[in-house]
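Here the structure of chain F is known, so what remains is to put chain R in place on it, guided by the hints.
So the chains spell out like this:
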Amino acid sequence: MQHFWDQPLSWGTAAIFAAGAVGVLAFVLFFVTYAIYFERKVIGWMQYRKGPNRTGPLGLLQSVADVAKLLLKEDTIPKKADKGLFVLAPVLAFVPSFAVLAMIPYSMNLQFADLNVGFLYYIALSGITTIAIVVGGWASNNKYALLGGMRSAAQMISYEVPLVISVVGCVMLSGSLNLREIVESQAGYFWQWNFIPQIIGFAVFLVAAVSELNRTPFDLPEAESELVAGYHVEYSGFRFAFFMLTEYVYVYAIAALTTLLFLGGWNAPAPQLDFIPGILWFFVKFAFIVFSLFWIRATFPRLRVDQLMGLAWKVLLPLAILNIFLTAIGIELMR
Amino acid sequence: MENYINSYVIVTIFLVLGIAFPILVLSLGRILRPHKPTTAKETTYESGNDPVGDSQIRFNVRYYLYALMFVVFDVETVFLYPWAVAYKQLGLFALMEMVIFAGLLLIGLIYAWKKKVLQWNSI
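Respectively, the protein sequence lines represent chains F and R. For the first sequence, position 291 matches number 290 in numbering that gives the first Met the number 0, and the numbering has no gaps at all. For the second sequence, position 107 matches number 106 in numbering that gives the first Met the number 0, and the numbering has no gaps at all.
Any given hint could be a false lead.
[What the hints assert, rightly or not] Derived BS3-like pairs: lysine-lysine, alpha-carbon spacing no greater than 25 Å straight-line:
id : chain 1 : residue 1 : chain 2 : residue 2
1  : F       : LYS313    : R       : LYS115
2  : F       : LYS313    : R       : LYS114
3  : F       : LYS82     : R       : LYS40
4  : F       : LYS82     : F       : LYS72
5  : R       : LYS40     : F       : LYS72
6  : R       : LYS40     : F       : LYS68
7  : F       : LYS78     : R       : LYS40
8  : R       : LYS35     : F       : LYS82
9  : R       : LYS35     : F       : LYS78
10 : F       : LYS68     : F       : LYS49
11 : F       : LYS72     : R       : LYS35
12 : R       : LYS35     : F       : LYS68
13 : F       : LYS313    : R       : LYS113
14 : F       : LYS68     : F       : LYS82
15 : F       : LYS79     : R       : LYS40
16 : F       : LYS79     : R       : LYS35
The hints are simulated quantities; they were obtained by calculation from the structure and are not laboratory data.
Okay, chain F solo, but in the shape it has when bound (with noise of 0.2 Å):
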């Protein structure tokens, strides 16, 4: 992608840049089809199941058929919805997940867009799915919905703060907010990725992370057994599906970025290592982040509202505004 770059813009780059940007989408696709799987089952083999085994060889058609299910159904949208921001939601949560995938490096080869900004574009769009939430729970005109809707928002902004502030230590330690120097600025040794410097920092990241994906310990706003299934719970179909697969996004977009702010991205653990190539390093993180979200979801019990909004104004970002100042004294010490 790199050397189309620096060519002047005419139809045929653009093109190129299309048929990438199609590449992105089928991948991320398939990525959530298996994702799903992979979840149902890591989670059945921790709880003694065997998961989904029936379509397909070892159950793995099981998401296809789902997807295929979801497809088929009948679009019912309730007589006293608003139908317009009704039907506007899904689409406003799904456009900013996929749109945020343009900027991430998965190697020095290949990345899309070569954005300064980095990791502010991320969170710039990934506001915008909040906002549709909040629409998608207004907009059905029902009780759960509603109060699944506020809760999303009120959690989903709390957990924004740390989880931007804690990312300020690794742009401070690489100057710069491009994700691919970001990752340059920690080659060699795996001591040297943020994850070691940057500890306070990758702690509150993760913490923050999983809260913004609203999975368990923090999916309050689908907690199913108060309220159903929060915002969506009148969509159905292929609306439903959107949602479904915008949360997936974000969750390859999240682990994405851990494996590139703190997980040094393709650098190999040793510089001894580096005849394997970076996009293989890339993808080993990034699986054993995903592997880890869906191990905290099979591991810890879902918290009480009043302790969540807690965590994210009493611990974590205290947490993540000491952990600025320990890296400015840090890096004043080294000098």
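Showing chain R alone in chain F's frame:
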């Protein structure tokens, strides 16, 4: 310069594709899925009971307080990022400035904490 323009083109392509994909799939679904609405199907879901009253009520004021706190700290991050990118060139003086700036905001956080804004009491 080309790099700069091309990056914008790529972001636009992702954006357009992100909009086109749901529209395409949802209109494809319209051909495939059945459409037989009845009044029972169109009622609002409320655990099997007939829905009572309107749902689009006023929110609890607490949500607005959290939104205000969010705005305060999000604006802080807007200042933090340029500072962090340039920190290695700026040195100790910039650090002191940031200590004062973050200190002022932390006083605000402590104030909100003491005022029990961060206390979640019902719903």
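Results of checking the hints against the structure:
no.: 1; hint: F:LYS313 with R:LYS115; verdict: holds, 12 Å
no.: 2; hint: F:LYS313 with R:LYS114; verdict: holds, 13 Å
no.: 3; hint: F:LYS82 with R:LYS40; verdict: holds, 15 Å
no.: 4; hint: F:LYS82 with F:LYS72; verdict: holds, 19 Å
no.: 5; hint: R:LYS40 with F:LYS72; verdict: holds, 13 Å
no.: 6; hint: R:LYS40 with F:LYS68; verdict: holds, 19 Å
no.: 7; hint: F:LYS78 with R:LYS40; verdict: holds, 9 Å
no.: 8; hint: R:LYS35 with F:LYS82; verdict: holds, 17 Å
no.: 9; hint: R:LYS35 with F:LYS78; verdict: holds, 14 Å
no.: 10; hint: F:LYS68 with F:LYS49; verdict: holds, 22 Å
no.: 11; hint: F:LYS72 with R:LYS35; verdict: holds, 11 Å
no.: 12; hint: R:LYS35 with F:LYS68; verdict: holds, 17 Å
no.: 13; hint: F:LYS313 with R:LYS113; verdict: holds, 11 Å
no.: 14; hint: F:LYS68 with F:LYS82; verdict: holds, 24 Å
no.: 15; hint: F:LYS79 with R:LYS40; verdict: holds, 12 Å
no.: 16; hint: F:LYS79 with R:LYS35; verdict: holds, 18 Å
Checked against the numbered hints given earlier, the structure satisfies every one of them.
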